[in-house]
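Respectively, the protein sequence lines represent chains X and W.
Okay, so the first sequence: first residue is 1 according to the numbering used here, each after it adds one.
Okay, so the second sequence: first residue is 219 according to the numbering used here, each after it adds one.
What the hints contain is simulated information worked out from the structure, not anything from laboratory work.
Please note: incorrect hints may appear among the correct ones.
[Stated by the list, open to error] Each computed SDA-like pair below joins lysine to any residue, with the alpha-carbon atoms no more than 20 Å apart:
1. W:K417 x W:R292
2. W:K417 x X:F171
3. X:K199 x W:A244
4. X:K54 x X:D111
5. W:K417 x W:P387
6. X:K183 x X:E148
7. W:K401 x X:A216
8. X:K21 x X:M96
9. W:K272 x W:T305
10. W:K401 x X:G68
11. X:K183 x W:A285
12. X:K54 x X:L107
13. W:K272 x W:N304
14. W:K417 x X:E172
15. W:K239 x W:E322
16. X:K199 x X:E148
17. X:K199 x W:E390
18. X:K199 x W:Y388
19. W:K417 x X:Y170
20. W:K272 x W:E240
21. X:K183 x W:A295
22. X:K54 x X:A216
23. X:K54 x X:E73
So the chains spell out like this:
Number of protein chains: 2
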Amino acid sequence: MEIKVLHQVMDWNEDVSDEVKETLAAHHICMINVMGSPGAGKTSLITSLIGSLKANWRIGVIEGDIAGQTDAERIAALGIPAVQLNTDGACHIEAMSIQHILPELPLDDLDVIFVENVGNLVCPAEFRIGESLRITLLSIPEGDDKVEKYPLMFTDTDCLVLNKYDMMPYFEFDESRVGANYKTVNPDAPLFRVSSRTKDGIQELSVFIEEHIRKAQS
Amino acid sequence: MEIKVLHQVMDWNEDVSDEVKETLAAHHICMINVMGSPGAGKTSLITSLIGSLKANWRIGVIEGDIAGQTDAERIAALGIPAVQLNTDGACHIEAMSIQHILPELPLDDLDVIFVENVGNLVCPAEFRIGESLRITLLSIPEGDDKVEKYPLMFTDTDCLVLNKYDMMPYFEFDESRVGANYKTVNPDAPLFRVSSRTKDGIQELSVFIEEHIRKAQS
Numbered sequence: 001m002e003i004k005v006l007h008q009v010m011d012w013n014e015d016v017s018d019e020v021k022e023t024l025a026a027h028h029i030c031m032i033n034v035m036g037s038p039g040a041g042k043t044s045l046i047t048s049l050i051g052s053l054k055a056n057w058r059i060g061v062i063e064g065d066i067a068g069q070t071d072a073e074r075i076a077a078l079g080i081p082a083v084q085l086n087t088d089g090a091c092h093i094e095a096m097s098i099q100h101i102l103p104e105l106p107l108d109d110l111d112v113i114f115v116e117n118v119g120n121l122v123c124p125a126e127f128r129i130g131e132s133l134r135i136t137l138l139s140i141p142e143g144d145d146k147v148e149k150y151p152l153m154f155t156d157t158d159c160l161v162l163n164k165y166d167m168m169p170y171f172e173f174d175e176s177r178v179g180a181n182y183k184t185v186n187p188d189a190p191l192f193r194v195s196s197r198t199k200d201g202i203q204e205l206s207v208f209i210e211e212h213i214r215k216a217q218s
Numbered sequence: 219m220e221i222k223v224l225h226q227v228m229d230w231n232e233d234v235s236d237e238v239k240e241t242l243a244a245h246h247i248c249m250i251n252v253m254g255s256p257g258a259g260k261t262s263l264i265t266s267l268i269g270s271l272k273a274n275w276r277i278g279v280i281e282g283d284i285a286g287q288t289d290a291e292r293i294a295a296l297g298i299p300a301v302q303l304n305t306d307g308a309c310h311i312e313a314m315s316i317q318h319i320l321p322e323l324p325l326d327d328l329d330v331i332f333v334e335n336v337g338n339l340v341c342p343a344e345f346r347i348g349e350s351l352r353i354t355l356l357s358i359p360e361g362d363d364k365v366e367k368y369p370l371m372f373t374d375t376d377c378l379v380l381n382k383y384d385m386m387p388y389f390e391f392d393e394s395r396v397g398a399n400y401k402t403v404n405p406d407a408p409l410f411r412v413s414s415r416t417k418d419g420i421q422e423l424s425v426f427i428e429e430h431i432r433k434a435q436s
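Generate the whole structure from the sequences, applying the supplied hints.
Put into structure tokens, the structure is as follows:
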């Protein structure tokens, strides 16, 4: 019974996702869905990317959280248009929520929107939200067995960011295990090693993102 | 529509949870639901607790994962009866799955069953599985803002374990923030500082768990 209902909800979600895509295409906006576990470092990564990209591109942010608004406040403090989307208990963002919230952002004045999804390595991967690009974060402290355990999040993404990479000396993390498993489930997608603290790897990731921003502009 | 369906599923789940509770009570077994983010250290904590408890109690383990069986293999290698429960994509364990899997364990020869839930700081908290005790893990690398952002997981638990506590020197983690927010949402539940690596705090947590095991025995 549960599975049948899930399909109904998701079919509906896919339709709205396509509508969101059309709205964004009309404004030549690249929307990036940032996903990962709680504490993987999604907000810090977005903050670092804003620092790297804001000279060339006009950026907006949608901060998804079950509750609270600390992340949106962090982004707004950088002078970036930010909206907090509280899911009130739901474990992922759905396209309908994005459709409702988009008019709160100055769409005519944006090139790229980062959407920080709810911290969750499972459910967000199942729901398209009209994004042009998906980024999955895996932080070093989470461990090297996550691709096997949470395959969809690594299969259905456009790139993998190994985040908090500066923490490698303090954890037993077999990078070759992650790399091999990721290549198996998602052979053509790139992998980036990033530290938001030291900014290592932010430049390489920014180049990749800019390719997608330019694609949305053309 | 989605919310209505969720309630249907959960009502059903509560009924089965009560049935599981009765089965366990008939066998005087204390079942412990271990919840937390991916990579919070659930398997390592269970492994450490087995080391601490096995001299006095007969232990079984149910390892919940979306896919894979590495965790059950880790536990079985300790000579502990272990069953792997693969949810095949689902983001949490439901009572029905526990009901199906319990006969795979030697219930007449067990005092305590650890259930490692799917790594997820959201959904598992919504689903009772017939447990006597809930343990929520928050690892230091995940950050100190998680109680505000994922309130249900910290409200609806019997204790909070601050895990990977040996990592405190390497992360900016304001323990007083977590402590204050936890006390607000869950005033009577204890908080334990634990490192599975150094075994610090395992003894204190074991004493707490043993109280609950004895309760199930009486």
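Results of checking the hints against the structure:
{"no.": "1", "hint": "W:K417 x W:R292", "result": "holds (18 Å)"}
{"no.": "2", "hint": "W:K417 x X:F171", "result": "holds (16 Å)"}
{"no.": "3", "hint": "X:K199 x W:A244", "result": "violated (57 Å)"}
{"no.": "4", "hint": "X:K54 x X:D111", "result": "holds (10 Å)"}
{"no.": "5", "hint": "W:K417 x W:P387", "result": "holds (17 Å)"}
{"no.": "6", "hint": "X:K183 x X:E148", "result": "holds (12 Å)"}
{"no.": "7", "hint": "W:K401 x X:A216", "result": "violated (47 Å)"}
{"no.": "8", "hint": "X:K21 x X:M96", "result": "holds (12 Å)"}
{"no.": "9", "hint": "W:K272 x W:T305", "result": "violated (28 Å)"}
{"no.": "10", "hint": "W:K401 x X:G68", "result": "holds (17 Å)"}
{"no.": "11", "hint": "X:K183 x W:A285", "result": "holds (17 Å)"}
{"no.": "12", "hint": "X:K54 x X:L107", "result": "holds (16 Å)"}
{"no.": "13", "hint": "W:K272 x W:N304", "result": "violated (26 Å)"}
{"no.": "14", "hint": "W:K417 x X:E172", "result": "holds (17 Å)"}
{"no.": "15", "hint": "W:K239 x W:E322", "result": "holds (16 Å)"}
{"no.": "16", "hint": "X:K199 x X:E148", "result": "violated (28 Å)"}
{"no.": "17", "hint": "X:K199 x W:E390", "result": "holds (17 Å)"}
{"no.": "18", "hint": "X:K199 x W:Y388", "result": "holds (17 Å)"}
{"no.": "19", "hint": "W:K417 x X:Y170", "result": "holds (17 Å)"}
{"no.": "20", "hint": "W:K272 x W:E240", "result": "violated (24 Å)"}
{"no.": "21", "hint": "X:K183 x W:A295", "result": "violated (29 Å)"}
{"no.": "22", "hint": "X:K54 x X:A216", "result": "holds (17 Å)"}
{"no.": "23", "hint": "X:K54 x X:E73", "result": "holds (18 Å)"}
In this structure, the earlier hints numbered 3, 7, 9, 13, 16, 20, 21 are contradicted, and the remaining ones agree with it.
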